[in-house]
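Novice: Since chain U is already given, all that's left is putting chain E on it; use the hints.
2 protein chains.
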Amino acid sequence: METKGILVVVSGFSGAGKGTIMKELLRRYDNYALSISATTRSPREGEQDGREYFFKTREEFEKMIAEDALIEHACYVENYYGTPRAYVEEQLALGKDVILEIEIQGALQIRKRFPDTLLLFISPPDAETLKKRLIGRGTETMEVIESRLARAVEEAEGIENYDYFIVNDELDECVEHVHSLIQEEHRRVSRSMELINEIRTELKAFQKG
Amino acid sequence: METKGILVVVSGFSGAGKGTIMKELLRRYDNYALSISATTRSPREGEQDGREYFFKTREEFEKMIAEDALIEHACYVENYYGTPRAYVEEQLALGKDVILEIEIQGALQIRKRFPDTLLLFISPPDAETLKKRLIGRGTETMEVIESRLARAVEEAEGIENYDYFIVNDELDECVEHVHSLIQEEHRRVSRSMELINEIRTELKAFQKG
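Protein chains in written order, with my numbering: chain U, 9 to 217; chain E, 9 to 217.
Heads up, a few of these hints could be off.
Pairs count within a copy or across copies, as identical chains cannot be separated in the list.
Subject to a maximum C-alpha distance of 35 Å in a straight line, what follows is the list of computed DSBU-like cross-link-like pairs (lysine-lysine) [claimed, not checked]:
#, residue 1, residue 2
1, Lys139, Lys31
2, Lys120, Lys12
3, Lys139, Lys71
4, Lys12, Lys140
5, Lys216, Lys139
6, Lys12, Lys31
7, Lys31, Lys140
8, Lys216, Lys104
9, Lys71, Lys31
10, Lys31, Lys104
11, Lys212, Lys31
12, Lys64, Lys216
13, Lys212, Lys104
14, Lys71, Lys216
15, Lys212, Lys139
16, Lys216, Lys140
17, Lys104, Lys64
18, Lys212, Lys71
19, Lys140, Lys212
20, Lys216, Lys12
Quick caveat, the hints were computed from the structure, so don't treat them as lab data.
This is chain U alone, in the form it adopts within the complex:
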């Protein structure tokens, strides 16, 4: 029935558990492909090129922009982040649902270029839990907390640009919701036009015959 995978953007508040949800989703189901971003920031300890990110120099990254080799890119804290086009297109063509874990700037670029992208926003269950996660273990400086908070306020303002708002209360349930949500999306009329048109054609031929 579906001939092509769905492009899915996952964003959410810092501390909402996006990373864990994505990891579980990929572990449980084999119809997903997770896109790996390119970035100009330096690898942190334990990060591997091609696993967490593709680490690029500023020159390499700007060349990718110039060659339209990225389907979205954005700048945070003076570093570039972007999604390489080739992997996404290849996996979609194979019928995989491709997940991009990106921020709102990039999400809006993707929605504009690929209007049938599914945009998901993940949140802790309530403001209290969100605040606790922003504060962290009490070892953060006020500056760090304030910057996280400012970002969360900004992210909250952008939620209306997303399709679904998913509360991560209990991890296991949340993973299953994200999965059914993406799978049911395959049943959208706009994604089923091939089968619908086939039925239309055959009904008309039957009517004439």
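Specialist: This is chain E only, laid out in the frame that chain U set:
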């Protein structure tokens, strides 16, 4: 999180198994309420007033139209069919997801008056199966078959007005798809604005405090 139920319209080709799917959905889950239509057609053998339909005289029905007591109505083969407003509103307020099994004319009226209605179209798996169901057991007259076929062609033309196209291949799977589809719909950003706004307000208060 959700304060209100979702209004769901279910339409589909004749012989697609809508009735069986609805019956199973109501048997398995207690969050659904099935709206019962009013009609001016005569009860068939075994049909009970208030179970299959509310049977009304033409005068009674036209009075309901005049009093805006129906949220949609349509005319088929010189009989009126319509959805009484009171039951739908009462069940939605109780948080039930209310299902209307109606035809496309009524579906379009509902979508116009209640834009956030979820519209589902149910189909047999392919044109071949659909044709077999239209023909029936071989005991139908050509006239009956041709009229069913003409209607199916018309229904097929209207599918783009629906949100999801659901193939009823295997009943059990199909019921579960319809269920997850409706349940995931509760997670739409537009249906979660209460929680989103609460988080926004508290984040801003926290920022100032």
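Novice: How do Lys71 and Lys216 come out at 35 Å by Cα distance, when the copy is not named: within, between, both, or neither?
Specialist: neither (58 Å within a copy, 42 Å between copies)
Novice: Within a copy, between copies, both or neither: where do Lys64 and Lys216 come within 35 Å Cα-Cα?
Specialist: neither (61 Å within a copy, 39 Å between copies)
Novice: For Lys31 and Lys140, with the copy left unspecified, which applies at a CA distance of at most 35 Å: within, between, both, or neither?
Specialist: within (23 Å within a copy, 45 Å between copies)
Novice: Please sort Lys216 with Lys139 into within, between, both or neither, judging by C-alpha distance up to 35 Å.
Specialist: between (66 Å within a copy, 13 Å between copies)
Novice: From the Cα coordinates, with 35 Å as the cut-off, is the pair Lys212 and Lys104 best called within, between, both, or neither?
Specialist: Within. Shortest intra-copy distance 33 Å satisfies the 35 Å Cα cut-off; inter-copy 39 Å does not.
Novice: Is the C-alpha distance from Lys71 to Lys31 at most 35 Å within one copy, between copies, in both cases, or in neither?
Specialist: Only inside one copy: Lys71 and Lys31 sit 31 Å apart there, 59 Å across copies, limit 35 Å.
Novice: Is it within a copy, between copies, both, or neither that the alpha carbon of Lys12 lies no farther than 35 Å from that of Lys31?
Specialist: For Lys12 and Lys31, the Cα distance is within 35 Å both inside one copy (22 Å) and across copies (33 Å).
Novice: Is it within, between, both, or neither for Lys216 and Lys140, if the alpha carbons may be no more than 35 Å apart?
Specialist: Classified as between; 16 Å across copies, 67 Å inside a copy.
Novice: At most 35 Å between C-alpha atoms: does Lys212 with Lys139 qualify within a copy, between copies, both, or neither?
Specialist: between (60 Å within a copy, 11 Å between copies)
Novice: If the cut is 35 Å between Cα atoms, do Lys139 and Lys71 qualify within a copy, between copies, both or neither?
Specialist: Cα proximity of Lys139 and Lys71: none, with 40 Å in one copy and 56 Å across.
Novice: For Lys216 and Lys104, with the copy left unspecified, which applies at a CA distance of at most 35 Å: within, between, both, or neither?
Specialist: Cα proximity of Lys216 and Lys104: none, with 39 Å in one copy and 45 Å across.
Novice: 35 Å Cα cut-off: does Lys31 pair with Lys104 within a copy, between copies, both or neither?
Specialist: both (16 Å within a copy, 34 Å between copies)
Violated hints for the displayed structure, listed by number in ascending order: 3, 8, 12, 14 and 18.
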